[in-house]
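Asker: Throw the hints in and build the complete structure from the sequences for me.
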Amino acid sequence: MSTVVETIKEQIESNSILLYMKGTPKFPQCGFSSQAAQALMACGERFAFVNILENPEIRAELPKYANWPTFPQLWVKGELIGGCDIIVEMAQTGELQTLVKGAADDAPEAE
Amino acid sequence: MTMHAQIEEKVRQGLQVQHLQIENESHLHRGPATDSHFKLVVVSDDFEGKRAVARHQQIYGLLAEEMQGPVHALVMHLYTGEEWQQRQGEVPASAACRGTPAR
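Chains as they are written, first to last, in this note's numbering: chain A, 1 to 111; chain B, 1001 to 1103.
None of these hints come from the bench; they were simulated from the model. Incorrect hints may appear among the rest.
If you want a taste of the chain A side facing chain B, the calculated C-beta under 7 angstroms gives, among others [stated by the list, open to error]: (1) Asn-67; (2) Pro-69; (3) Thr-70; (4) Leu-80; (5) Gly-82; (6) Asp-85; (7) Ile-86.
DSSO-like cross-link-like pairs, simulated, lysine-lysine; straight-line CA separation at most 30 angstroms [claimed, not checked]: (8) A/Lys-64 / B/Lys-1050; (9) A/Lys-64 / B/Lys-1010; (10) A/Lys-101 / B/Lys-1050; (11) A/Lys-77 / B/Lys-1050; (12) B/Lys-1050 / B/Lys-1010; (13) B/Lys-1039 / B/Lys-1010; (14) B/Lys-1050 / A/Lys-9; (15) A/Lys-26 / B/Lys-1039; (16) A/Lys-64 / A/Lys-26; (17) A/Lys-9 / A/Lys-64; (18) A/Lys-64 / A/Lys-77; (19) A/Lys-26 / A/Lys-9; (20) A/Lys-101 / A/Lys-9; (21) A/Lys-64 / B/Lys-1039.
Since this is a predicted model, take the numbers as computed values, not measurements. For glycine and all other residues, C-beta sits at the position ideal for the given N, C-alpha and C.
Answerer: What follows is the structure in structure tokens.
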């Protein structure tokens, strides 16, 4: 299974703002993923996402790698920020916007 | 023992708990499961100096067995005693699955 972990590491390293979620930001398949994606979109920066429903291996492996059993998961600059509750609370305090803007400014122009 | 009681017991064993609220929110979600979604409010000074992600990981660690089993999702609001006082006991509301508003 090492290849899946390598894929995960590569995704996390190469995307400064990355959301692992159920569904897509436009068509979320879970209320928690929906809330997380909305909070992130409201920050106004581009972000990457992985639909774990279409990537069963990542869905199976990421919880162990992250020490986080559920989805969504937000990763910023290689670090796990948290799931829906944390994302929404940070959005309410303004911390999320600061974090995301900082990550977007630091990032080399993606793709 | 109910899942509710089991969660409570494990959290109390693992942390110095000042305040604990557990709500079964499984009814907010689709599907037949009755022990699938819980909301947990924990106030403990064991969270002092820890970022949100570490606090959540600590609870997930205590409830690893439950998370492998019937429990699908835990909504968590985790505060230190001081943070809890500042919030004056106010807890954010929970979302339901598929974005349908909770009633």
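Asker: So, against the hints stated earlier in the document, which numbers end up violated here?
Answerer: none
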